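A.B. asks: Sequence:
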Amino acid sequence: GLISMRKFILKIYQVLEFILHNFHGCKVKWGEAEKR
22 GLISMRKFIL
32 KIYQVLEFIL
42 HNFHGCKVKW
52 GEAEKR
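Residue numbers for the sequence shown follow my numbering, beginning at 22 and rising by one.
Don't read these hints as lab results, they were simulated from the structure.
Model, not experiment: these values are computed from the prediction.
From the three backbone atoms N, C-alpha and C, an ideal C-beta is built for every residue, glycine too.
Among the hints, erroneous ones may be present.
Pair ranges (Cβ atoms, derived) [what the hints assert, rightly or not]: (1) Cys-47 with Ile-24: 31 to 37 Å; (2) Gly-46 with Ser-25: 45 to 51 Å; (3) Arg-27 with Glu-55: 27 to 33 Å; (4) Lys-32 with Lys-56: 44 to 50 Å; (5) Gly-52 with Leu-31: 28 to 34 Å; (6) Lys-48 with Ser-25: 30 to 36 Å.
Construct the entire structure; sequences and hints are all you get.
C.D. replies: Written out as structure tokens, the structure reads:
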């Protein structure tokens with residue numbers, strides 16, 4: 022019960038981190054595009 026719950030939370034955390042990382046990358050790309 023508890024172990025699977027921790028794995029589940031860890032999975033969600035990894036997905037959120039992945040999305041945030043990609044989102045940040047997109048913001049950086051847009052920022053570079055605006056500077057030119």
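A.B. asks: When the hints from earlier in the document are held up against this structure, which numbers fail?
C.D. replies: 2, 3 and 4
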